[in-house]
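Colleague: Now for the letters of each chain:
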Amino acid sequence: MANTPDPAVGTPLRVAFALMLAVLAIAPFAVYPVFPMKVMCFALFACAFNLLLGFGGLMSFGHAMFFGTAGYVCAHATKAWGLQPEFALLLGIAAAVLLGGAVGMIAIRRQGIYFAMITLALSQMVYFFYLQAPFTFGEDGIQNVPRGRLFGLIDLSNIMAMYFVVFAIFVAGFLVIYRVIHSPFGQVLKTIRENEMRAISLGYDVNRYKLLAFLLSAALAGVAGSIKALVFGLASLTDVHFSMSGEVVLMTLLGGLGTIFGPVVGALIIVGMENYFARLGSWVTVAQGGMFIICVLAFRRGVIGEISHYLKKPL
Amino acid sequence: MDSFFGVPMRALFGQLLVGLINGSFYALLSLGLAVIFGLLNIVNFAHGAQYMLGGFCAYFLLSKAGIGYWWALAIAPVAVGIFGIVIERLMLSKLYQLDHIYGLLLTFGIALVVQGLFLNEYGSSGLQYAIPDELVGGANLGFMFLPKYRGWVIVASIVVCFGTWFVIEKTKLGSYLRAATENPSLVQAFGVNVARMITLTYGFGVALAAFAGVMAAPIYQVSPQMGAELIIVVFAVVVIGGMGSIVGAIVTGFVLGLIEGLTKVFYPEASNTVIFLVMTIVLMIKPAGLFGTQK
Numbered sequence: 003m004a005n006t007p008d009p010a011v012g013t014p015l016r017v018a019f020a021l022m023l024a025v026l027a028i029a030p031f032a033v034y035p036v037f038p039m040k041v042m043c044f045a046l047f048a049c050a051f052n053l054l055l056g057f058g059g060l061m062s063f064g065h066a067m068f069f070g071t072a073g074y075v076c077a078h079a080t081k082a083w084g085l086q087p088e089f090a091l092l093l094g095i096a097a098a099v100l101l102g103g104a105v106g107m108i109a110i111r112r113q114g115i116y117f118a119m120i121t122l123a124l125s126q127m128v129y130f131f132y133l134q135a136p137f138t139f140g141e142d143g144i145q146n147v148p149r150g151r152l153f154g155l156i157d158l159s160n161i162m163a164m165y166f167v168v169f170a171i172f173v174a175g176f177l178v179i180y181r182v183i184h185s186p187f188g189q190v191l192k193t194i195r196e197n198e199m200r201a202i203s204l205g206y207d208v209n210r211y212k213l214l215a216f217l218l219s220a221a222l223a224g225v226a227g228s229i230k231a232l233v234f235g236l237a238s239l240t241d242v243h244f245s246m247s248g249e250v251v252l253m254t255l256l257g258g259l260g261t262i263f264g265p266v267v268g269a270l271i272i273v274g275m276e277n278y279f280a281r282l283g284s285w286v287t288v289a290q291g292g293m294f295i296i297c298v299l300a301f302r303r304g305v306i307g308e309i310s311h312y313l314k315k316p317l
Numbered sequence: 071m072d073s074f075f076g077v078p079m080r081a082l083f084g085q086l087l088v089g090l091i092n093g094s095f096y097a098l099l100s101l102g103l104a105v106i107f108g109l110l111n112i113v114n115f116a117h118g119a120q121y122m123l124g125g126f127c128a129y130f131l132l133s134k135a136g137i138g139y140w141w142a143l144a145i146a147p148v149a150v151g152i153f154g155i156v157i158e159r160l161m162l163s164k165l166y167q168l169d170h171i172y173g174l175l176l177t178f179g180i181a182l183v184v185q186g187l188f189l190n191e192y193g194s195s196g197l198q199y200a201i202p203d204e205l206v207g208g209a210n211l212g213f214m215f216l217p218k219y220r221g222w223v224i225v226a227s228i229v230v231c232f233g234t235w236f237v238i239e240k241t242k243l244g245s246y247l248r249a250a251t252e253n254p255s256l257v258q259a260f261g262v263n264v265a266r267m268i269t270l271t272y273g274f275g276v277a278l279a280a281f282a283g284v285m286a287a288p289i290y291q292v293s294p295q296m297g298a299e300l301i302i303v304v305f306a307v308v309v310i311g312g313m314g315s316i317v318g319a320i321v322t323g324f325v326l327g328l329i330e331g332l333t334k335v336f337y338p339e340a341s342n343t344v345i346f347l348v349m350t351i352v353l354m355i356k357p358a359g360l361f362g363t364q365k
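Protein sequences, first through last, are from chains G and W. Yeah, the first sequence ends on 317 if you go by our numbering, and it's all consecutive. Yeah, the second sequence ends on 365 if you go by our numbering, and it's all consecutive.
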């Protein structure tokens with residue numbers, strides 16, 4: 003199975019990928035580049051979350067802790083320690099992985115709904131830590147983080163340079179996730195999602211697979227959080243708050259759980275809504291709640307899931 | 071003896087009282103969650119919002135209709151309970167065949183809608199709700215000062231928790247409920263209307279949240295976000311106690327409130343996180359929770 007050419011790579015998948023690349027390449031010339039950068043940060047975050055829930059069946063309700071932790075560490079490393087962006091990014095990711103390891107080992111002791119509640123509770127603990135820790139500057143967050151020069155060469159304060167760096171990182175992250183899903187490891191993960199008992203009886207060390215999936219997802223969420231901190235020059239409590247965890251769940255659900263492109267589309271919709279309807283304040287929260295309700299009751303496949311169902315091809 | 075490990079006795083008892091008050095709310099809320107989860111297999115994320123609705127209901131009754139605290143204590147749970155029943159009939163009942171995660175997500179969406187609407191209308195600052203005349207003032211117990219209202223909250227929640235436990239564990243109605251938790255189709259075959267029982271159980275769990283909300287109104291003020299963060303702590307309480315158990319929910323609720331109060335005395339920085347820390351330790355030692363059984 004693993005050695006044969008991947009049957010999932012159909013024409014629609016290639017077309018969709020090419021379309022995504024084309025749109026993202028043109029976007030900074032059509033709209034203010036910060037918006038598509040924000041979309042890519044959240045799309046990568048949602049893809050990381052989708053790897054865990056859509057393919058591993060593990061519902062984490064605290065994923066913002068990895069996103070936000072990486073952001074804080076990356077911002078602190080550039081601002082307080084004056085590190086170059088590539089090292090700050092790596093440190094941010096490392097912090098997310100470390101936290102992912104600790105949280106993962108505790109959370110995988112329970113399944114299903116408990117897993118969601120435990121990750122939520124642990125993320126709230128992490129939130130309180132950042133609320134009180136002096137280096138995060140509490141409600142203000144770490145502001146005016148310099149973007150610096152990538153590898154000492156590329157000046158990221160140039161918005162186009164920043165854009166294409168984010169673009170490259172996003173596509174790389176996206177391809178990593180695609181590769182993981184279609185690897186033997188990904189197959190085992192799907193087996194565990196479908197029937198954990200069966201996977202155990204087949205001799206798989208289920209907890210090791212789950213933990214690895216959790217670590218991978220935390221790492222990729224860390225990538226997303228780090229670049230977001232660089233793009234906006236800001237790391238704040240919003241990014242570790244549980245409502246951020248809720249948002250990433252909604253993005254994934256809306257776009258299509260367990261699809262390749264769903265989280266990207268979901269992120270586009272949610273970030274777009276927040277960007278253009280920001281003045282409506284808490285109505286955005288109401289709308290998001292409404293979307294949750296509609297998605298769960300009548301639209302469980304999500305946007306991409308529906309299209310893929312219609313085409314009868316994976317997307 | 072005026073101090074205990076360098077902490078004045080009065081401060082210690084004061085924080086223990088605060089802990090016991092918080093514990094009363096943890097117990098009531100986690101009890102409602104446990105009752106709902108037992109029969110519906112749904113983690114009711116809207117519990118915090120329903121608690122908030124209870125508080126607002128009391129506030130409206132007083133400010134719009136001049137109806138006082140004691141009537142609010144009866145009316146608000148019924149009103150919010152009916153709201154819960156409508157939600158169960160219209161939405162939750164469509165999800166029983168699906169993965170339990172969808173129930174969590176749906177109720178999370180409901181919480182967002184309800185809290186967002188109230189936030190839009192009333193802003194995030196709290197609304198004052200006066201302590202009822204009968205319970206103003208307090209008693210000096212010698213070692214500490216006990217405000218009457220706080221004493222009432224503790225007593226009332228113990229009574230309600232005990233009553234709920236008694237109904238579920240010791241009466242015939244409760245035995246139907248427990249049987250339906252074990253095997254709904256068999257109970258249905260014996261001629262019990264399980265679907266209606268599920269609806270009423272959800273309504274009852276929601277009513278418990280609203281009851282807690284009314285009791286909380288004079289202590290914490292009424293605000294749209296009053297239940298948003300609380301529900302996460304209650305989730306942790308439920309994980310510690312073990313979801314299946316009624317007694318577990320009640321006992322862990324009170325005990326964790328006390329632990330939190332003690333932490334405020336000895337190491338205030340950790341008072342926000344101590345419950346989550348306890349949860350972590352319990353998960354390491356006994357993943358099913360203190361009173362739970364691993365399925």
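Just so you know, these hints were derived from the structure itself, not from any lab. All values derive from a computational prediction rather than experimental measurement. Just so it is clear, CB atoms sit at the ideal spot from N, CA and C, and this is done for glycine as well. Treat the hints with caution; some may be incorrect.
Here are the in silico distance ranges between beta carbons for each label pair [as the list claims (entries may be wrong)]:
id, chain 1, residue 1, chain 2, residue 2, range
1, G, 161, W, 135, 52 to 62 angstroms
2, G, 139, W, 356, 49 to 59 angstroms
3, W, 347, G, 209, 19 to 29 angstroms
Colleague: Taking the hints in turn, state whether each one holds.
Modeller: Results for each hint:
1. About 57 angstroms separates the C-beta atoms of residue 161(G) and residue 135(W), a value consistent with the hinted range of 52 to 62 angstroms.
2. A hinted range of 49 to 59 angstroms is violated for the C-beta pair residue 139(G) and residue 356(W), which are about 39 angstroms apart.
3. Separation of residue 347(W) from residue 209(G) is about 23 angstroms and conforms to the stated range, judged on CB atoms against 19 to 29 angstroms.
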